[in-house]
Amino acid sequence: MTASNKIDPEDLVDTSTLRVKLIPFLDRFGILIVILLIGLVMYALQPDVFFTWRNITNIFKQTSANAMLSIGMFLVILTAGIDLSVGSVLALGMMTLAVTNAGGVPWPVVIVLSPLMGMLAGFINGVGLTKLRMPHPFIMTLGMLFMARGAANLISGGVPYSGLPDPVRFLGSARIYLGEFDGTRYNLPIVLLFTIAVYFVFWILLEHTVFGRRIYAVGGNPQAARVSGINVDRVLILVYTLCGLMAGVAGLIMAGRTNSGFPNAGIGMELEAIAAVIIGGASFFGGRGHVLGIFGGVIIMGLIKNGLNLNNVSSFWQQILIGAIIIIAVYIDVLRRDFATRH
Amino acid sequence: MNDVNSGDRIQPLLEARGVSKYFGAVTALRDVNIQIYAGEVLGVVGDNGAGKSTFMKVLSGLHPPSEGTLLFDGREVKFNSPKESRDLGIEMVYQDLALAGNLNIAENIYLGREPKRSILGGLLKLSDHKAGLRMAQEHLDSLKIHVKSVSQLVEELSGGQRQAVAIARSTAFEARVVIMDEPTAALAVKEVGKVLDLIIGLKERSIAVVIISHRMDDIFYVCDRVMALYHGTNFAESKLADTNRSEVIGWIMGSKENPGEVAHDRVQ
Numbered sequence: 001m002t003a004s005n006k007i008d009p010e011d012l013v014d015t016s017t018l019r020v021k022l023i024p025f026l027d028r029f030g031i032l033i034v035i036l037l038i039g040l041v042m043y044a045l046q047p048d049v050f051f052t053w054r055n056i057t058n059i060f061k062q063t064s065a066n067a068m069l070s071i072g073m074f075l076v077i078l079t080a081g082i083d084l085s086v087g088s089v090l091a092l093g094m095m096t097l098a099v100t101n102a103g104g105v106p107w108p109v110v111i112v113l114s115p116l117m118g119m120l121a122g123f124i125n126g127v128g129l130t131k132l133r134m135p136h137p138f139i140m141t142l143g144m145l146f147m148a149r150g151a152a153n154l155i156s157g158g159v160p161y162s163g164l165p166d167p168v169r170f171l172g173s174a175r176i177y178l179g180e181f182d183g184t185r186y187n188l189p190i191v192l193l194f195t196i197a198v199y200f201v202f203w204i205l206l207e208h209t210v211f212g213r214r215i216y217a218v219g220g221n222p223q224a225a226r227v228s229g230i231n232v233d234r235v236l237i238l239v240y241t242l243c244g245l246m247a248g249v250a251g252l253i254m255a256g257r258t259n260s261g262f263p264n265a266g267i268g269m270e271l272e273a274i275a276a277v278i279i280g281g282a283s284f285f286g287g288r289g290h291v292l293g294i295f296g297g298v299i300i301m302g303l304i305k306n307g308l309n310l311n312n313v314s315s316f317w318q319q320i321l322i323g324a325i326i327i328i329a330v331y332i333d334v335l336r337r338d339f340a341t342r343h
Numbered sequence: 001m002n003d004v005n006s007g008d009r010i011q012p013l014l015e016a017r018g019v020s021k022y023f024g025a026v027t028a029l030r031d032v033n034i035q036i037y038a039g040e041v042l043g044v045v046g047d048n049g050a051g052k053s054t055f056m057k058v059l060s061g062l063h064p065p066s067e068g069t070l071l072f073d074g075r076e077v078k079f080n081s082p083k084e085s086r087d088l089g090i091e092m093v094y095q096d097l098a099l100a101g102n103l104n105i106a107e108n109i110y111l112g113r114e115p116k117r118s119i120l121g122g123l124l125k126l127s128d129h130k131a132g133l134r135m136a137q138e139h140l141d142s143l144k145i146h147v148k149s150v151s152q153l154v155e156e157l158s159g160g161q162r163q164a165v166a167i168a169r170s171t172a173f174e175a176r177v178v179i180m181d182e183p184t185a186a187l188a189v190k191e192v193g194k195v196l197d198l199i200i201g202l203k204e205r206s207i208a209v210v211i212i213s214h215r216m217d218d219i220f221y222v223c224d225r226v227m228a229l230y231h232g233t234n235f236a237e238s239k240l241a242d243t244n245r246s247e248v249i250g251w252i253m254g255s256k257e258n259p260g261e262v263a264h265d266r267v268q
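Top line first, the protein sequences correspond to chains A and B. Numbering of the first sequence is given in our numbering, commencing with residue 1 and proceeding in unit increments. Numbering of the second sequence is given in our numbering, commencing with residue 1 and proceeding in unit increments.
Incorrect hints may have been included.
[Stated by the list, open to error] Reference excerpt, derived from the structure (chain B facing chain A, CB under 10 Å, subset only):
| no. | residue |
| --- | --- |
| 1 | Arg86 |
| 2 | Gly112 |
| 3 | Val154 |
Hints in this document: simulated from the structure, not taken from any laboratory. These numbers come from a predicted model, not from an experiment. Glycine included, each C-beta is placed from N, C-alpha and C at the ideal position.
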C-alpha cells in the first residue's frame with residue numbers, strides 16, 4: 001500500500017464546504033422558508049380568507065408604516081445603535097402635516113413636511129450622539145422620544161386633526177385598479193409598490209454603495225473604520241438622519257391611511273420596529289443582517305397579527321407570541337453561530 | 001551590514017524631532033527623537049507605559065504631538081488624522097489589528113479606500129466588489145499570503161491570517177513606512193515565523209518598517225536597528241549588530257550596564 005492510497009476522512013464528507021455554502025444561504029434566504037411555513041399554517045387554518053388577494057394586500061397595507069420604521073431602524077442597529085424615538089417622530093411628522101394642512105398650507109408643501117421633520121429629528125439624534133458624545137444612542141434617542149412626542153402634542157394642542165386632501169393621502173391610501181375577475185375587484189395598493197421600491201433602494205445602498213459598506217464597517221469595528229480614514233461621526237449622523245426620514249415617511253403613510261393626524265400615533269411602534277429587525281436576523285451588536293431579512297421580519301410580524309386576527313385570537317396573545325418569536329429568532333441565531341464556528 | 005544607515009549621509013524617510021505628548025497632566029512622551037530609513041527595520045522596545053504605543057500613534061497621525069516636529073522626506077509635516085499620514089504612505093498596523101470581522105478580506109484591505117465604479121454616466125458611484133476581490137487576490141499573491149478565498153469573512157481567519165491581512169492592508173497602496181504594534185503578540189507559535197518573513201519581505205521592497213515588540217526573538221530576527229524608550233523618552237539606540245539581547249533587555253528596564261544576571265536568555 002502506498003501513501004497515495006491513504007484516505008483522508010475529511011475528503012469523503014467535506015463538512016467545511018457544506019458549512020461554507022449552506023450557512024450564508026440560510027442567512028439570506030432562511031427567513032423566506034419561515035414565511036412560507038407560517039403562510040402554510042395560516043392557509044390551513046383559514047383557507048377561504050387567508051390566501052385571498054384582498055387579505056394579502058391588507059397585510060402589506062397594515063405593515064407599511066412598520067416597514068418604513070424597520071428599514072430605518074435596521075441601519076441604526078447595523079451601527080450597533082438603537083433609535084427609540086421613531087414612534088414619536090412618526091407622530092411629530094404626522095401632526096406637522098395635519099396642522100399645516102389645517103392652516104391652509106398647500107399640499108405639495110404639506111407632503112414633504114412629514115419626511116423633512118423626520119429628517120430633522122434624526123439629524124438632531126445623530127449630531128447629539130456624536131458631537132455631545134452621548135455614552136449610548138439609547139440616551140439621545142430616549143430624549144428625542146419625549147421631545148418629539150411633546151412637540152407633536154404642543155403643535156396640535158393634543159387633539160387629532162382629520163380630513164386631508166387626496167394628494168396627501170395618496171401614498172397611504174391610493175390603489176391601482178387592476179380589473180375584475182370572477183366578480184372580485186382587484187386593487188393594488190400604492191403603498192405596497194412603494195414599500196418594495198424603498199426596500200430595493202436600501203438594498204442597493206447597503207450592498208453596493210461605498211457608504212453602505214462603511215455602515216457595516218462602523219458596525220463591525222468602529223475603531224477599524226476610524227483608523228481607515230472613515231469619518232465615523234459623519235456615517236452615524238447620516239444613518240440617524242435616514243432613520244428619522246423613514247419615520248417621517250411612515251407618518252405620511254399613516255396619515256394617508258387614517259385620513260387624519262393624531263398625536264398618540266406610533267406609541268410603542270419603535271419596539272415593533274426593533275422586533276422586526278431582530279426577527280429579520282440583524283445582530284444587536286451591529287454589522288450583521290440583510291435588507292431581505294428585515295423585509296421578512298416585517299412580513300412575519302404582519303402575518304402573525306393577520307393570522308391571529310382572522311382566527312379571532314385575542315391581541316394579548318399576539319403580544320405573547322411576538323415576544324416568544326423574538327427570543328426564538330435570537331436563539332436560532334445563537335445556535336447558527338455555534339455551528340458556524342465549530343471546527 | 002546595512003550601509004544605508006551608517007552615518008547620516010542618507011536622509012531619513014521619516015523623522016521625529018523633540019516630540020512631546022501630554023494628556024492633561026500626564027506626560028506620555030518627552031523630547032523623543034527618531035530617524036526611520038527606507039529599507040530598514042527598526043525595532044522599538046520599552047516596558048509597559050514607556051510610551052511606545054503613544055509614540056507610534058503620533059507618527060501615524062492619530063495623536064498630534066503637543067510639541068516637536070515630524071519630517072517626511074525632509075519636509076515638515078503635520079497630521080490631523082490617520083488619513084493624512086496614509087496619503088503620504090505612512091501605514092499603521094495596530095495591535096488589535098483594526099479589522100472588521102463582519103467584512104471579507106478584500107473589503108478589509110480596501111476599507112476607507114474602496115474601488116468604485118460609476119453608473120448612469122457618473123451620477124451614482126457604486127462600490128466595485130469585483131475589482132476589490134481581484135485586486136486583493138493579486139496583492140495577497142504578490143506578498144505570498146495564502147488564504148482560501150479573499151471573499152472569506154475576516155472573523156473566520158486565524159490570528160496569523162488576520163495579521164497577514166492587516167499587513168496586506170497596510171501595503172495595499174504604495175506604502176513607504178509601515179509601523180507595527182506588537183505584530184506577533186497574538187499569534188500561535190507556528191504563525192510567528194510566517195509573519196516575520198512577511199516583514200522581511202516588506203523591507204526588501206524598500207519600505208521602512210518600524211516594529212514595536214516585547215519579543216527579543218522577533219527583534220533579533222528581523223530588525224536592523226533597535227531603540228529603547230524609557231519613561232517616555234529616548235533611552236538608548238544601536239545597530240543590531242553592535243548589541244545583544246542582555247543589553248537590550250537592560251535598556252527596557254532602564255539600565256545601561258549590562259545586567260547579565262537578569263537577562264532572561266542567560267538563565268540556563
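Results for each hint:
Hint status for B/Arg86 relative to chain A: holds, with the closest Cβ pair at about 6 Å, below 10 Å. A hinted interface residue such as B/Gly112 counts as satisfied when its beta carbon comes closer than 10 Å to some beta carbon of chain A; here the least separation is about 3 Å, so the hint holds. A least Cβ separation of about 9 Å between B/Val154 and chain A falls short of the 10 Å threshold, and the interface hint therefore holds.
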